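J.: Could you put the whole structure together from the sequences, leaning on the hints where they help?
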Amino acid sequence: MVSDSVSREMDLEKGPTQASYEEAVPGARGGARGGLDARDALSGRLVHAVSVDGDFVHLGDRTYRRAELANAFAGELNPGIHPRPPTNLANPVPLGLASFSYCALVLSLLNAQVRGVTNGNIVITASLFFGGCIELFAGLLCYPIGNTYAMTVFGSFGGFWISYGALVMDQFGILASYADEPEMMANAMGFFLAGWTVFTFLMLMCTLKSTWGLFLLFFFLELTFLMLTIGAFVSSENVTKAAGYFGILSSVCGWYSLYSGIADPSNSYFPIRAYYMPNAPTV
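Under our numbering, the first residue of the sequence shown is numbered 2, with each subsequent residue one higher.
Rather than coming from a laboratory, the hints here were simulated on the basis of the structure. Being a predicted model, the structure only gives us computed values, none of them experimental. Hints are not guaranteed to be accurate.
Okay, the calculated beta carbon distance ranges per label pair [what the hints assert, rightly or not]:
1. V118 x V235: 20 to 28 angstroms
2. P279 x V118: 38 to 46 angstroms
3. P279 x P183: 23 to 31 angstroms
4. G121 x D181: 16 to 24 angstroms
5. F271 x F130: 40 to 48 angstroms
6. Y144 x V235: 39 to 47 angstroms
7. T126 x S237: 24 to 32 angstroms
8. S164 x P279: 30 to 38 angstroms
9. N239 x D265: 36 to 44 angstroms
10. K210 x C134: 30 to 38 angstroms
11. P183 x C134: 29 to 37 angstroms
12. A189 x N239: 17 to 25 angstroms
13. A189 x Y277: 37 to 45 angstroms
For glycine and all other residues, C-beta sits at the position ideal for the given N, C-alpha and C.
T.: Below, the structure written as structure tokens:
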């Protein structure tokens, strides 16, 4: 009874998706002889010889291409970089990257006041529909393909674009409610942006073993939110302009990651490659 209890506790610690040794190897509880048989069965599945021959990797008596063994790690946000098992579902990551990159570019150009544009109401339609609804939709579509990271990023930033659109719309009356208290409005906006600064930093930490394009996207995006937060607290137009330029760089990295993931010799004469960061989990 004690051993059964300990075994159940160990299984609970592993989580519901990881089988215990006894479940994975039948006969593991069958005493000394059963345990030896079970270990012999398990050792038969282990790969004792690994060799590399150009683009081919030999694992025991099986041979695979390098591309087939690229690890689809939890932090993947690069379409086509880490191949997944064949599925009937399309990959929604390119849609999410396109939605984010477009809206980030438009809003950043407005924040930087490029060509003297200071009225940013044009971004409302993009933030509500393309940046909001479409990106949220892409995030939800990442659920059935098992991409937890992309689901979290796209779903969260889809909510950001929708909330930002509601914030600047006159119909919601949010900005008008602070009309008589501009200092309070600046602090409240700083609080709003500070939360996204923290969230973006956490997502940035999950790109350290990804590609340079994805890492730089979140690195510049983190600087964008940081500058926007500081600009809101100190009411500095120059700091907000700096945030706009960092946002433009983040958008460019998003476009690069998008194109490098979907362009290949089968559909383009000008494919580009994604460059892995040090210690990226690839073969």
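J.: Now tell me if each hint is right for this structure.
T.: Do the hints match the structure? See the list:
1. V118 x V235: 20 to 28 angstroms: For V118 and V235 the Cβ distance comes to about 23 angstroms; the hint holds.
2. P279 x V118: 38 to 46 angstroms: 40 angstroms, holds
3. P279 x P183: 23 to 31 angstroms: 47 angstroms, violated
4. G121 x D181: 16 to 24 angstroms: 22 angstroms, holds
5. F271 x F130: 40 to 48 angstroms: Violated, at about 30 angstroms.
6. Y144 x V235: 39 to 47 angstroms: 40 angstroms, holds
7. T126 x S237: 24 to 32 angstroms: Cβ of T126 to Cβ of S237: about 28 angstroms, so the range 24 to 32 angstroms holds.
8. S164 x P279: 30 to 38 angstroms: 36 angstroms, holds
9. N239 x D265: 36 to 44 angstroms: 43 angstroms, holds
10. K210 x C134: 30 to 38 angstroms: 31 angstroms, holds
11. P183 x C134: 29 to 37 angstroms: For C134 against P183, whose Cβ atoms are near 32 angstroms apart, the range 29 to 37 angstroms holds.
12. A189 x N239: 17 to 25 angstroms: Cβ of A189 to Cβ of N239: about 21 angstroms, so the range 17 to 25 angstroms holds.
13. A189 x Y277: 37 to 45 angstroms: 41 angstroms, holds
This entry does not satisfy hints 3, 5, going by the numbered hints stated previously.
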